[in-house]
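Novice: Go by the hints and put chain B onto chain A.
Heads up: the sequence lines are chains A and B, in that order.
Every letter in the first sequence is one number past the one before it in the numbering used here, and letter 482, counting from 1, is 482.
Every letter in the second sequence is one number past the one before it in the numbering used here, and letter 387, counting from 1, is 387.
If you are wondering where the hints come from, they were derived from the structure by calculation, not from laboratory data.
Here the structure is a predicted model, which is why all the values come from computation and not from measurement.
Among the hints, a few may not be true.
Label pairs and their calculated CB-CB ranges [stated by the list, open to error]:
(1) B:L314 <-> A:R348: 29 to 39 Å
(2) B:K108 <-> A:M526: 22 to 32 Å
(3) B:T177 <-> A:M526: 17 to 27 Å
(4) A:Y319 <-> B:A333: 34 to 44 Å
(5) A:R348 <-> B:Y319: 27 to 37 Å
(6) A:Q262 <-> B:V107: 26 to 36 Å
(7) B:T177 <-> A:V330: 20 to 30 Å
Where a beta carbon is used, it is the ideal one built from N, C-alpha and C, also for glycine.
Read off the chains here:
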Amino acid sequence: MWRSLLLAAALLPGLAAPAVAQSAGPSPEITQHIADVASADSAVQEAAAVALGKTGDRKLLPLLEALREGSVYVRSLPGGKKETVIVGDKVSEGDKTLVPLFTAYAREPITGPDGKPLLADLSTLGEVSTGRSLRIAMRPLIDAFSGQNDLTNPDPAARRAAATKMAFTGDTATLKLLQDALPKETDRWARFALEEGAAMIRLRVGDPAERVLAAETLGRLRSANASEPLYQIAGDPQAPAPLAAAAQVAVKRIERWGLFTQAIEIAFQGLSLSSILLLMALGLAIVFGLMGVINMAHGELMALGAYSTFLMQGWFATYFPGSFDYYFLVALPFSFLVSASAGFLLERGVIRFLYGRPLETLLLTWGVSLMIQQGLRLWFGAANVDVSSPRWLSGGIPVMIGVQLPYNRLFIIALATICVGAMYLLLFRTDAGLRIRAVTQNRGMAACLGVRARWVDAGTFALGAGLAGLAGCAITQIGNVGPELGQNYIVDSFMVVVTGGVGKLAGSILAAIGIGGLNKIIEPGMGAVFGKVLILVLVILFIQRRPSGLFATKGRYAES
Amino acid sequence: MPSLERWGLVAGAIAVVVVLPALNALPPGSSLRVSDFTLNLFGKFLAYAILALGIDLIWGYTGVLSLGHGVFFGLGAYAMGMHLMLEIGTQSVYGNVLPDFMVWNQVKDLPLFWQPFYSVPFTLVAVLVVPALFAYVFGFLTFRSRIRGVYFSIITQALALSTWLLFNRNAMNLGGTNGLSGFKSVFGFTLNSATTQRGLYVSTAICLCGAFLLCRWITRSPAGRVLIAIRDSENRVLFSGYSPAAFKVFVFVVSAVLAGLAGALYVPQVGIITPAKIGVLPSIEMIIWVAVGGRGTLLGPVVGALGVNWLQSLLTTHYPDLWLLVLGGLFVAVVLFFPDGVVGTAQKLIARIRPGAGAGVRQNGRPGEGHRPGEAERQTEVPHIQAR
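The following block holds chain A by itself, in its conformation from the complex:
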């Protein structure tokens, strides 16, 4: 489709008649100004740009921004007339550079006679040069424009961002905009941003009494954004004494709050890391408990899940670009299935010959993991692949001043919770779970009573592998996806299994939360490396006290 389009454009460079249907055209004055913006005389150009900015017409914003970026061109129309246009991203075709064209007013795509967007050869267009003074003159116009624009944006997040942006650059005019917007604002966080922005501007440009008041307000708001300017004022010997004192108090308040929010953030990050570890460790622990098989390829099964997500993303981009955002929902079950089938094949293919020989299984699965890893490297390349977040997982919920919980981490925590719940139901409320538990407790007796132990093994192994696949799918949202992905998580997951005890849901959960949390708690202070070392030491010391994990089995099934 693209090729034919480019071909059509190459055949008709700049010849196509303007076939733009404009619903509400610009007024004659504006049309004149638009033409003048392309003028070679910089005085005329600047006057026209400022005039356009003063109109307050929102549809002119793209033109002003394009002027600043230098993507405004003039094209010749048949009949000797000239038209000012905005050009889009460049496309190379042979030695020519083609660009899509847009109207100067409202930035609507200009279509060719065939109704498709028009591509023009860049060399046939005349560039509109913008001098430094013009760009400087335009900057406040654009800021006011976009600020005004965004303050009435229906999306509260955009309103919030606009207010914060204006807080840093605004002057008295901006202050008025913010104050006008405040009573109309309904969203709590946008209100906060407006108040914060207004106070920050007043702190900068207000009279002395106003500045003291603003400093107090910012302290009350615990505004992290304002901590830098406040800090400067507090340390400035020339600042008036009441202002400096107010700033000092405010800085202290903000800093204390900052510590608190940081702690919450660390806890939250720890929790989401724990969720990943938990998903990994659940599969490992159940398989280990059931068959005594230690699966060193578990990390690679996770990597398979992550790469399945990557593949699914590519397929959606190619075949269903319209519903690209939902690829992740399909990728979840898909990665589960891919890893589960790989696990099933692994179990049926090789592992079943090695029951009762845990050390041999360990070596064998390590060999398999090397082969999968190298296979991934040969297939997808040694570099990390790029998995983008769907739009509904980017952003987050602000829960407190300065604390935002990102959706992707929330999603991972929810996923892990659901999986644990499902595993619990499966193990303790279904026939299949009853069989799994029976084989785990006493393989021979279960087999005598008609449980097909070997099929229970294969099914459980596939289930554990599938959970690893889910973990891999989830990790794409918060970490890198590369061939070594599995290696980075496998040792931690084993630590979880060792600490939590084998085949224990509750133990795995507690250990995962403990180890994931500790990782994140130690990291900021001592660095990731010493964190890992310290955790190893703690695990070894812990095992001294409780050799079979947190929830040791007592009685006839206990060791020795």
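Specialist: Relative to chain A, chain B alone:
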């Protein structure tokens, strides 16, 4: 038959210790001459063989799979490397008494733990004692609390990972990712000369023979019998009044010392030691040498270390992408099809052809008897894995 075996070993030792370096000393151009490069490569493999003997002692004979032997190898290698670094002195790139990487990292004074490595005797003791002490503390903590089987393997793997992470840090003052390199001389002999390299080779070969004899003596002593008994049924050993933990700590320390010795011999021959040689992957590669050669035999690890490393150097020069696939395949093939390894399988074949000839072999304890319990025996063994 045992005497035939003995003569074979003596002949092999003579070939490695005397004949190969003699062939290397022939004038260049002679058709029988072994090149300096080949001798150096072989010397490196012999160092690996010492390490493999240590692993065989703890894994093949005692049944404890350690995935962290790269750490002990690294401790020995770094101890030796530190001395060699200091021996460079002012001949370094920056002309400073301090090693180059310290100048680079703006370290002003030699860190305290580097000071004693100026002394040759201290270094020679340290390459053996540092790994031994570390193994003793780690082994004491883990074996005392009866961490066994795969739990022990996983803990040692975590040990290898964290040591690797630590040695990668510049703050450790051990050269970070680039490790220690650029050595000029060893104990006063220039490393550049063929004579020094030949001397290093001969020392490595002699150390290997010594290590072999040590392992032979240990495995044939009553203590060696206890080790095999621990492998085959630890609980019965415990109930018979022995302390498996003490024996395990002992054999763990011996194997760590052998690993440290191997590291110390490796460094001057290869000329560099980096954290990449002591991490998780190298540690587990060491296991595969023993597995391929044949665990539970003493010749096996030597054959395996030489064979696998020769294969690796061959493949990585010609097909670098394939090596990891081949290595993975080796793991799978050895575990599934040749659990006894090359030497074990050969011994079995000989025993089948000449009944009675296997008497000397069985003395060493064939691997597998304790590793592959029958259906009935599995029932007694499984609960400690399940812990449920």
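Novice: Each hint: holds or not?
Specialist: Quick rundown of the hints versus the structure:
1. B:L314 <-> A:R348: 29 to 39 Å: Holds - the Cβ-Cβ distance for B:L314 and A:R348, about 34 Å, lies within 29 to 39 Å.
2. B:K108 <-> A:M526: 22 to 32 Å: holds, 24 Å
3. B:T177 <-> A:M526: 17 to 27 Å: holds, 20 Å
4. A:Y319 <-> B:A333: 34 to 44 Å: holds, 41 Å
5. A:R348 <-> B:Y319: 27 to 37 Å: Taking Cβ atoms as reference, A:R348 and B:Y319 lie about 30 Å apart, which means the hint holds.
6. A:Q262 <-> B:V107: 26 to 36 Å: At roughly 32 Å between Cβ atoms, B:V107 and A:Q262 fall inside 26 to 36 Å, so the hint holds.
7. B:T177 <-> A:V330: 20 to 30 Å: violated, 40 Å
Hint compliance for this structure: hint 7 alone is broken.
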